[in-house]
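Protein chains in written order, with UniProt numbering: chain A, 1 to 603; chain B, 1 to 650.
Please keep in mind that the hints were generated in silico from the structure rather than gathered at the bench.
In this text, all values refer to a predicted model and were calculated from it rather than measured experimentally.
Do not rely on the hints blindly, as some may be mistaken.
Listed next, the stretches of chain A that the computed footprint assigns to chain B, with coverage defined by at least 3 CB atoms under 8 Å from CB atoms of chain B [claimed, not checked]:
hint, stretch
1, 85-98
2, 459-469
3, 510-523
4, 528-536
Here are the simulated lysine-lysine pairs, DSS-like style, with alpha carbons at most 25 Å apart [unchecked claim]:
hint, chain 1, residue 1, chain 2, residue 2
5, A, K345, A, K362
6, A, K509, B, K547
7, B, K550, A, K509
8, A, K109, B, K354
9, A, K194, B, K550
10, B, K532, A, K509
11, A, K504, B, K550
12, A, K132, B, K354
13, B, K20, B, K202
14, A, K292, A, K274
15, A, K518, B, K193
16, B, K149, B, K66
17, B, K66, A, K27
18, B, K193, A, K292
19, A, K280, B, K372
20, B, K550, A, K479
21, A, K280, B, K374
22, B, K20, A, K509
Label pairs and their in silico Cβ distance ranges [stated by the list, open to error]:
hint, chain 1, residue 1, chain 2, residue 2, range
23, A, E59, B, Q493, 37 to 47 Å
24, B, R88, A, C216, 48 to 58 Å
25, A, K303, B, S428, 42 to 52 Å
Quick reminder that beta carbons are idealized off the backbone N, C-alpha and C, glycines included.
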Amino acid sequence: MPEIKVTPLGAGQDVGRSCILVSIGGKNIMLDCGMHMGYNDDRRFPDFSYITQNGRLTEFLDCVIISHFHLDHCGALPYMSEMVGYDGPIYMTHPTKAICPILLEDFRKITVDKKGETNFFTSQMIKDCMKKVIPLNLHQTVQVDDELEIKAYYAGHVLGAAMVHIKVGSESVVYTGDYNMTPDRHLGAAWIDKCRPDILISESTYATTIRDSKRCRERDFLKKVHESIERGGKVLIPVFALGRAQELCILLETFWERMNLKAPIYFSTGLTEKANHYYKLFITWTNQKIRKTFVQRNMFEFKHIKAFDRSYADNPGPMVVFATPGMLHAGQSLQIFKKWAGNEKNMVIMPGYCVQGTIGHKILNGQRKLEMEGRATVRKLSFTFTLTFFLLCNLDVKLQVEYMSFSAHADAKGIMQLIRMAEPRNMLLVHGEAVKMEFLKGKIEQEFSINCYMPANGETTTVTTNPSVPVDISLNLLKREMALGGPLPDPKKPRTMHGTLIMKENSLKLVSSEQALKELGLNEHQLRFTCRVQLQDPHSDPDTLHRIYTHLKSVLKGYTIQHLPDGTVMVESIVIKVSSSAEDPNTKVLLLSWSYQVTFLRC
Amino acid sequence: MKLYCLSGHPTLPCNVLKFKSTTIMLDCGLDTTSVLNFLPLPLVHSPRLSKLPGWVSKDGTINLEKELKECAGRVFVDSQPEFCLPERELLDLSTIDVILISNYHCMMALPYITEHTGFTGTVYATEPTLQIGRLLMEELVNFMERVPKAQSATCWKNKEIQRMLPGPLKDAVEVWTWKRCYSMQEVNSALSKVQLVGYSQKVELFGAVQISPLSSGYSLGSSNWIIQSHHEKVSYVSGSSLLTTHPQPMDQSSLKNSDVLILTGLTQMPTANPDGMLGEFCSNLAMTIRAGGNVLVPCYSSGVIYDLLECLYQFIESANLGTTPFYFISPVANSSLEFSQIFAEWLCHNKQTKVYLPEPPFPHAELIQTNKLKHYPSIHGDFSSEFRQPCVVFTGHPSLRFGDVVHFMELWGKSSLNTIIFTEPDFSYLDALAPYQPLAMKCVYCPIDTRLNFHQVSKLLKEVQPLHVVCPEQYTQPPLSQSHRSDLMLELQPPPMPYRRCSVLNLPFRRRYERVYILPELANSLVPSEIKPGTSVATVSAVLHSKDNKHTLQPPPAPPTKKRKRVIEEPPVVLAPKPLLSGAVPLEAFLATLQKHGISEVKVEETADGHILHLQAEDTLIQLEEDGTHIVCDNNEPLRSPERCKLEGN
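Let the hints inform the model, and build the full structure from the sequences given.
Here is the structure:
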């Protein structure tokens with residue numbers, strides 16, 4: 001029995017470093033290659049030694065597919081391709097291909113330049129890695145090789161996010177990456193057709209949440225920002241440069257315009273302009289409304305939002321600052337946070353999910369005293385040894401901490417909706433917390449009566465598939481059968497068709513027996529049986545035959561019974577003849593003759 | 001399989017393919033050359049046009065002063081221009097299941113087909129094709145509606161009268177079917193039926209056939225189409241280009257192994273080299289400007305204009321044209337320029353890489369930013385106040401019969417300093433200029449047609465090797481004007497099947513196989529036996545289920561437990577699977593088997609064709625021949641069975 005195996009190397013009962021291995025029809029595919037934001041050690045990257053202990057991965061993988069540009073989905077890519085070693089194809093959509101190297105470079109800078117880590121991928125490695133990328137278009141069927149084909153669907157989550165349908169023969173798997181089932185201010189909703197995959201691998205970040213309507217959350221957000229500004233406070237919104245940031249910018253921009261507000265809105269890092277530019281060029285990936293109106297008014301040209309400079313953080317008066325990164329784990333957002341944390345007038349709004357171990361996660365869990373890594377002092381002891389000292393200092397968090405779930409993941413309702421769309425035979429959950437997954441798993445199994453799996457990292461789920469065998473049937477045979485069956489199939493009277501399957505090299509052909517013999521150059525062997533039955537009947541031979549004919553006619557309704565002029569009676573293809581015995585004219589000998597193909601009816 | 005040809009125009013095709021119970025329309029081209037028979041529609045009152053004399057036949061018997069006007073010896077219809085539609089009588093258009101669009105120039109007749117004909121199907125097109133197609137339609141409607149003509153000339157169409165008219169009006173075909181332009185409402189309704197597709201996307205039609213668009217390299221989002229089932233493949237090639245311009249390169253390899261290849265949309269200028277034309281365009285433009293004249297470029301608002309602007313972007317500085325204003329005037333100028341920048345996925349590799357930087361893929365963004373190129377919706381409004389001469393104006397329509405170009409012809413036609421440069425190949429420039437004669441302005445004809453030429457197409461066909469080629473009849477003979485150029489036609493073996501307007505072709509196709517799926521339960525029950533090395537056979541008895549044009553074979557229901565006659569009405573529906581019997585029965589082995597079953601008293605008699613075995617104890621005769629075995633016995637079921645077993649063993 002053919003099997004599909006799924007093994008998460010990351011994101012198994014966890015959020016972060018998504019990396020899922022799928023073996024299907026003899027092909028091995030890696031889905032996403034992310035890093036974990038919560039760790040700074042080996043656990044940061046997926047454990048590629050699971051695939052092979054020694055060396056390069058190229059011969060073990062047929063392709064790698066990246067669903068979107070978030071670092072927990074693509075952060076380990078240069079490490080995997082350049083440091084572990086992989087030269088095969090890497091697939092991602094155009095926007096992902098454009099944006100992913102920028103985020104990787106950003107991430108590299110923070111890790112290497114600021115934290116002074118070595119043994120990390122270099123800028124050159126990012127470039128080399130990106131050269132292996134083949135861009136994917138939505139709905140395009142890409143033939144990876146003769147057997148393996150992949151197709152991308154719109155996923156909504158961020159610009160260029162895609163779900164992928166992976167197909168080998170008649171077996172298939174869908175991987176959702178991160179997706180969003182409700183359109184937001186700048187992106188549309190995920191969509192997939194009824195592709196009935198053997199396994200649907202879905203994220204489950206919000207497995208137990210059913211979020212209230214988006215409008216309410218937006219109103220809530222604007223109210224909080226407005227209140228804070230009114231009382232002269234500063235609002236920090238930690239975001240990732242691309243994605244949620246643009247949505248919130250659109251939201252604030254229109255609000256500022258409507259309310260005629262004057263407080264400045266800043267967007268940190270030099271990425272702003274560039275990021276917005278990507279949105280302008282990839283406008284076809286945004287939602288219907290933006291696409292329709294972009295010629296008249298491009299939503300990504302902001303009037304109220306200006307570039308941020310480090311010195312502005314100390315300016316008096318209210319302001320709103322979007323700063324990266326989004327989980328307060330490093331960089332500018334963390335610096336501003338440290339500056340503003342002491343004032344209770346200020347506010348930090350966390351618009352997305354924060355992984356464990358980050359400051360964002362800590363303050364969201366109500367931690368009010370933080371132990372911070374202070375300035376790192378680097379002392380060079382010799383040419384080979386560098387010692388890094390971390391000064392630990394305590395930080396009292398007085399500012400208001402608000403959490404607004406703006407991160408665009410499907411909630412429980414959305415996940416169920418996607419299952420209804422795709423109609424998978426099995427379900428597999430990743431990218432979520434075990435407890436929440438457990439709950440959702442129960443719900444799915446109950447509602448759809450399909451198996452739902454939730455493997456941990458390194459644990460393999462095996463699903464046996466039962467594919468049909470495609471065969472080429474001769475059109476003559478098919479048409480003959482269809483004509484006999486009448487215009488509509490009758491479930492009460494299924495008809496059996498007979499044919500011969502010829503298996504030659506790799507082809508399977510189903511033809512009629514006659515054609516098979518002809519094609520194979522064989523002679524058919526006729527096998528006929530004749531049976532003598534004696535009975536007593538005083539009539540003449542033709543009369544006896546006629547009596548048999550009328551009798552059969554009355555008994556065997558629904559059969560073709562013919563009385564032929566040459567003195568035989570045919571019941572379908574069975575021939576009946578009558579002759580008198582030489583000794584006794586009253587003893588008639590009935591000769592019944594039928595071919596091997598006829599089922600024997602006993603009279 | 002049949003092909004109905006509804007258009008005679010080789011580059012604006014409209015064909016209908018009937019293939020496996022589906023009816024597929026391939027393109028929906030609108031022949032706009034008919035508008036050349038009409039007077040231009042001026043945007044502002046033109047004393048010259050209104051003073052043109054009416055036409056009266058020489059003997060004075062026919063007086064059509066109101067409808068026909070004479071200008072420089074040619075007669076024009078004074079009415080709103082009309083288009084020559086695809087044939088609508090050849091087949092019932094409401095039976096069309098889908099329409100496949102290959103590029104935005106080949107969809108202009110869409111509203112005539114999808115509206116008011118009972119059409120209920122789906123139109124498939126790529127996103128750039130839809131968006132730019134919409135712009136071109138919108139522009140056309142706008143050109144017509146902003147200068148409404150009260151009267152509609154119909155008298156001249158009377159067969160008796162048309163016969164008497166001077167050429168080319170006399171020879172115009174199907175004039176009764178010519179139609180005025182559609183409305184914006186009809187455009188919106190037609191385009192709402194479009195379903196977007198991406199390159200190499202596979203779309204199933206009713207489970208019977210699969211369609212898939214391929215990049216054709218001609219324009220943004222332009223595509224060729226593959227229409228195939230599991231065993232048959234039709235390729236539809238329309239408007240393809242192998243030149244490196246802005247669109248994604250043509251996908252040639254996917255056209256391989258076609259049974260039939262329908263070839264349309266070759267270059268209309270087989271003797272003009274696009275690169276040479278581009279050079280000529282630039283040098284004529286520079287020359288005119290330097291001499292203080294204006295340059296008028298009648299063009300469509302999308303397509304080659306992007307390449308022209310890119311070429312000028314590089315040329316402007318070197319030719320010292322930095323201060324010359326370039327104007328692009330069209331109701332959709334802004335949209336066209338904006339849209340061109342957002343279709344990165346559909347562009348050539350170089351332009352894609354720019355988007356990753358991120359930079360706009362086309363350099364006209366920079367021309368606009370630096371104010372070198374300005375665009376306006378029409379000559380009214382801002383343009384009239386900002387307009388400086390000498391300048392270069394790109395504007396439509398290339399037929400010179402409507403649009404802002406009419407105004408510039410009236411404005412600049414009288415001065416020999418000015419130049420009009422024709423770049424679009426769709427209209428004969430002499431015919432286009434006819435209603436403006438006499439004309440002092442210089443005319444330069446550099447048609448840029450990037451579509452395949454005959455040399456490229458024969459190379460392509462050699463590579464992809466279709467079994468049969470179908471093409472417009474124009475491609476099977478050299479052009480009339482160059483009848484000695486046998487290189488300007490398709491020469492193939494077997495010769496291509498030509499079509500003309502209203503042809504119905506029977507495509508040479510023999511469908512022999514169909515895909516059927518054997519359910520795993522049935523597949524497991526099959527017993528293959530090897531007949532020859534590498535070839536196995538298995539007899540299959542199964543129940544055929546056909547649904548949505550998909551066929552599956554399921555295992556037959558379990559046979560009834562008792563074998564007995566059923567005296568019920570219903571015939572016995574279950575027949576036991578019968579193995580296939582073949583070959584001859586070897587006598588010696590057969591006797592040995594009989595022996596094994598305890599039958600030893602066998603009398604063997606030789607006959608002409610084989611042997612007769614007499615099983616004396618059982619009173620049974622077995623006749624063994626090369627191609628058959630006949631067993632004659634008394635009612636003796638126990639005996640037949642082992643014999644059957646034995647025979648099956650062979």
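Hint check results:
no.: 1; hint: 85-98; result: holds (count 3)
no.: 2; hint: 459-469; result: holds (count 4)
no.: 3; hint: 510-523; result: holds (count 7)
no.: 4; hint: 528-536; result: holds (count 6)
no.: 5; hint: A:K345 - A:K362; result: holds, 20 Å
no.: 6; hint: A:K509 - B:K547; result: holds, 21 Å
no.: 7; hint: B:K550 - A:K509; result: holds, 16 Å
no.: 8; hint: A:K109 - B:K354; result: holds, 24 Å
no.: 9; hint: A:K194 - B:K550; result: holds, 16 Å
no.: 10; hint: B:K532 - A:K509; result: holds, 16 Å
no.: 11; hint: A:K504 - B:K550; result: holds, 24 Å
no.: 12; hint: A:K132 - B:K354; result: holds, 18 Å
no.: 13; hint: B:K20 - B:K202; result: holds, 17 Å
no.: 14; hint: A:K292 - A:K274; result: holds, 22 Å
no.: 15; hint: A:K518 - B:K193; result: violated, 50 Å
no.: 16; hint: B:K149 - B:K66; result: holds, 13 Å
no.: 17; hint: B:K66 - A:K27; result: violated, 76 Å
no.: 18; hint: B:K193 - A:K292; result: holds, 17 Å
no.: 19; hint: A:K280 - B:K372; result: holds, 22 Å
no.: 20; hint: B:K550 - A:K479; result: holds, 13 Å
no.: 21; hint: A:K280 - B:K374; result: holds, 21 Å
no.: 22; hint: B:K20 - A:K509; result: holds, 20 Å
no.: 23; hint: A:E59 - B:Q493: 37 to 47 Å; result: holds, 46 Å
no.: 24; hint: B:R88 - A:C216: 48 to 58 Å; result: holds, 54 Å
no.: 25; hint: A:K303 - B:S428: 42 to 52 Å; result: holds, 51 Å
Comparing the model with each numbered hint stated earlier shows that hints 15, 17 do not hold.
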